[in-house]
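> Protein sequences, first through last, are from chains A and B. All letters in the first sequence, in the order written, are residues 896 to 1279 by our numbering. All letters in the second sequence, in the order written, are residues 6 to 233 by our numbering.
Bear in mind the hints are in silico, worked out from the structure with no lab data behind them. Do not rely on the hints blindly, as some may be mistaken.
[Said to hold, decoys possible] Within a straight-line C-alpha distance of at most 20 Å, the following computed SDA-like cross-link-like pairs (lysine to any residue) qualify: (1) Lys1275(A) - Lys83(B); (2) Lys1275(A) - Glu80(B); (3) Lys83(B) - Trp1266(A); (4) Lys1248(A) - Ser918(A).
[Stated by the list, open to error] Computed beta-carbon distance windows for the label pairs: (5) Thr62(B) - Lys1248(A): 40 to 50 Å; (6) Ile1259(A) - Glu80(B): 15 to 25 Å; (7) Thr1164(A) - Glu208(B): 49 to 59 Å; (8) Ala127(B) - Val1211(A): 32 to 42 Å; (9) Trp1244(A) - Gln82(B): 44 to 54 Å; (10) Gln82(B) - Ile1259(A): 46 to 56 Å; (11) Glu208(B) - Trp1266(A): 51 to 61 Å.
[Unchecked claim] To give an idea of the chain B side of the interface with chain A (calculated C-beta under 8 Å), a few residues: (12) Leu8; (13) His55; (14) Leu60; (15) Asp61; (16) Leu68; (17) Thr84; (18) Gly85; (19) Tyr93; (20) Ala99; (21) Leu112; (22) Pro113; (23) Val116; (24) Lys166.
Note that the coordinates shown come from a computational prediction; the quantities given were computed from them, not determined experimentally. All C-beta atoms, glycine included, are put in the ideal place defined by N, C-alpha and C.
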Amino acid sequence: MILTPVVISFAMANIIFSTALFSGMIHSLNAQLIDNLFSNILIEPQDDHEYITSVEAIVKAVSQVPTVVAVAPHYKASAKFSFDPEKDNQHVTQRGYQVVGIDPIVEPNVTKIKELIIDGRYLEPDDRDNIVIGAEVAGGGLGSFEKISLGGVRVGDKIRATYPNGTTRNYKVVGIFKTGMDGIDIMTFVTRKEFEAVNGITDRAHEIMIRLPALGGEKEIIEKIRALGYTKEKIGSWDSFSNFTATMSSSFKILNFITGIISLVVACTTIFIVIFIHVVNKRRQLGILKAIGVDEQIIISSYIFQTVFYSLAGTVLAMIIIYGLANPYFNSHPLDMGFAKVRLLIEPWEIVKSSSIIIGASLIAGFVPAWITVRQSIIKAIWG
Amino acid sequence: MGLIEVKNLEKTYEGAVPTHALRGVSFSVEEGEFMAIMGKSGSGKSTLLHQLALLDTPTSGSLQVDNIDVLSLTEHQKTGFRLARIGYVFQEYAVLNELTALENVALPLRVRGTQTIKNAYAEAAELLNRVGLGHRLHHHPSELSGGEQQRVAIARSLINKPRILLADEPCANLDSISSDTVLQLLLDLNKKYRQTIIMISHEPEDRQWVNRILWLKDGIIDKIEPIK
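Only chain B is shown next, with the shape it has when bound in the complex (with noise of 0.2 Å):
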């Protein structure tokens, strides 16, 4: 059983015409994968990767994450699951504008309350260096480029050590320098740590760097393409 497992997954979005976002899909995610989710805009990448983060509810199947059915928890129950087994790394950086990069990456450890707050900062100065940002501990968000907006919010999601990353388009507003170093960061986590990876992209290039590529199509998986 892999560590994802997705059965059947649809969602709905009422309206008064009702959009059909996904449309029955099914698929499992391996520990220390790195896969990749393509397809055209509107195919229904976004929405799959927020059901696998339980930002969103789906309308119907299901969702196991390591043996857990993840739909039948409560909401404070989805919260404390995402803080301490999901990172998440939105395509616009989505850092907080009023913590420096040092307080953004502590922060998720620093709710989960497992360090003393001085281990918090050592743990996100490490993560910071590790992601090129050593010298930029204590710049706020407007004084960063757009890459290392991005590079301190994949630091964030990675403070709490999850098991799994899930990234919408992280290079989505970088430019092409940036885009490989993010990238680069990612399949080092992926190789050193094992860390399961799950990055949506529309990028043909991006291919390169992951395992497994799901191609969505109109809602529903069109192929599951593996790379060598």
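Excised from the complex, chain A in its bound form (with noise of 0.2 Å):
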């Protein structure tokens, strides 16, 4: 009597912990990219000019349009990084790396890169021979592939720059930090007043990041921003910036709606089978109760009644294994996955979708084994 809820509850736990793992793999990475790399909306310079101008003007004009949070304008450049652990010339380690200039008033508006400094501190305004650099371009222990690392850089540390423009800076590390995400953890971050000085440029940038409220407005936005006149930059929501983590997301909602697939009709047939011999074994008792002049209708009905009470159960029992067990634990030690820290992201919707399905089921179990007993001979059903 109590194994039938607790293989539909576990059944259900199923369908929601696959469903909720992948919700949660899919919204960590969407939450990497729009929190550090792209944000919601990314203005980039026109084709075959290098730089937008007239930075300063567009960040007043859109800070001003309705709901925008930020606005943060960015100079990026590759340069080539060097590091001599031993300052001896002996043993320098030099590495490619992407360097991007930012306010850092303005930034913490935008990404979050700012709360996640693993050593050290953050850019300061006027910081010029400062650079905060990403875990997997100090290594030593602190990214996943040492060998693209500049092999232990800490804290204090110098290290050396050479831009493209031949300009060569020696940096001290003030802050190491890290996203979980190579892409991002690959990157190093200067002032913009330094990366002006450097490349003798002013008012310019690569791209300009605009923060929004919460997801969903982008389209609306980029709109009022054309209207502003901007209509030969580059203006794009997060998703429509980034092909690969695109195809991995959407990778991960095909597996996501397969998995989930299988989930339930593993769920369903576990269930039917389950209330099916429950109710077949009852059947000496189906039987009796028709002998005794109880109307079929009732019959089906109470084994009906029955299985509801029975998946009612189970939804309650999964549930309490979800959000009493699954979900404080994942809180707790969240998955690794490498592009960021993955927590069950389980939502209303699903619950509301699965327990439907699971019930539903349970209602046909419990129905058709019913159906047929009550329909077949008294004395078969009583006797066999």
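Hints in hand, dock the two standalone chains.
Set out below in structure tokens:
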């Protein structure tokens, strides 16, 4: 009697868990892109232009668009970095990384790099000789791919950067950040002032990030920005700028769909078999009830009621498993998937959907054998 | 005209080799009669009782109970007929294990819906008292002996005050003391309430309880033996 709701609960927990895990992966991946790489909306230079010009005016205008939270212009360049830990010119490591020039005041309103500093501090507005680097750049066990790192840079170490224009700068590492996504942790950050001084430019940007309070309003804001007269620049939402992550996200969605369908079929089959056996085992009782004079409809209704009760009890048990055990566990021990720490993302709609399907399957599983049994002869039902 | 009129009742079980369980059985049972059906194993006793209880449908023939052609009733009507007019005692107790003795007995009355729950339980308790189980009202079947379970089944078959009580070897699995208790109970019901009882039996000594014995042989009536 207890076995039936327990089996239902595990079947249902399986559906919710696999869906919540894949939803969590997709959510974490998207969150990384939005929080640390593209923000909600990204403006890039028009075709055949290296820079966006008159950036201050753009920032001012876009900042006044309703619901825009913050606007952050970035400079970007590839630079050759070298690190000489022994300072003897014998053990120099050289690698190429991207340098991003940011405004340390505005940037934390757009990206979350500041919150993800694992050692040292974030940049300050007047920093010129200081740099913040990602864990994959620092290496020495902080990142995942040691061979692409500088081999163990720590806060306080000096690294040398050679820009494409030939300018060489010695930077003191003031902070190391780690987002968990290798593509971001392989970046370095200096102030816009430093970048402008090195490259001899001002009031320009390679990209402008725009932060919104929530997902979903991107298209509307892009239209408003274009309406301000910025029609030649490439303006897009976060998901239009990353083919790789979009493919990954799409793959997760497909996997989620397939595993969801498989889990659902397995759950429904399991529940059907368990309830079917339960009702078939009661066949003699059904025969006795019919022999006493209990109407067929009453017998069928009572078994349907019983199976609905079992499936509701199973649903409650499944909620306890998911919300009482799995969710707290993954909140305190998130899965490290390489691109992010993944937690379960339990969506209420999925719970409602799974519960409805499970209860529906239980209803059919309860009805069919009860109906078959009451239709057969009483003698056969009782004595087989 | 008797309370039960059986004419040319036939029952054939289809199969690779069809089995003719009943081959033209005709007899009549008067109200208040206590009749036994006897015969060797395979003579068609249980098949005949199943037809009388509307648990099965004969291949041909007619069956009238209380002037009603019961074979023309729909399944739904037959169910209602069974509930209101026929009590049936199975050979193997056939009580519901999840219910207590009191709940088992009250069940047909509750299904019929003619009494409140309180009254249904009161009547069930009275019947259980009458069959000597007043002290076992709240026991489940697993806590009762075979004889006690059979008495629960008999009490359940009587709760709706059926005019006809059909019993399929009610003492087959009971010891001699329990058998006597059950048969005495049936006789009391027959005497006090003019309950019409048809009982299948294998035991020759059971003739002491009944008015008439219908002997079956190979699906036909061998003889009908009145008992003084």
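> Each hint should be assessed against the structure and marked as holding or not.
These are the hints, each one checked on the structure:
no. : hint                               : verdict
1   : Lys1275(A) - Lys83(B)              : holds, 17 Å
2   : Lys1275(A) - Glu80(B)              : holds, 16 Å
3   : Lys83(B) - Trp1266(A)              : holds, 18 Å
4   : Lys1248(A) - Ser918(A)             : holds, 15 Å
5   : Thr62(B) - Lys1248(A): 40 to 50 Å  : holds, 46 Å
6   : Ile1259(A) - Glu80(B): 15 to 25 Å  : holds, 23 Å
7   : Thr1164(A) - Glu208(B): 49 to 59 Å : holds, 51 Å
8   : Ala127(B) - Val1211(A): 32 to 42 Å : holds, 37 Å
9   : Trp1244(A) - Gln82(B): 44 to 54 Å  : holds, 48 Å
10  : Gln82(B) - Ile1259(A): 46 to 56 Å  : violated, 29 Å
11  : Glu208(B) - Trp1266(A): 51 to 61 Å : violated, 40 Å
12  : Leu8                               : violated, 19 Å
13  : His55                              : holds, 6 Å
14  : Leu60                              : holds, 4 Å
15  : Asp61                              : holds, 5 Å
16  : Leu68                              : violated, 16 Å
17  : Thr84                              : holds, 5 Å
18  : Gly85                              : holds, 7 Å
19  : Tyr93                              : holds, 6 Å
20  : Ala99                              : holds, 5 Å
21  : Leu112                             : holds, 7 Å
22  : Pro113                             : holds, 5 Å
23  : Val116                             : holds, 5 Å
24  : Lys166                             : violated, 13 Å
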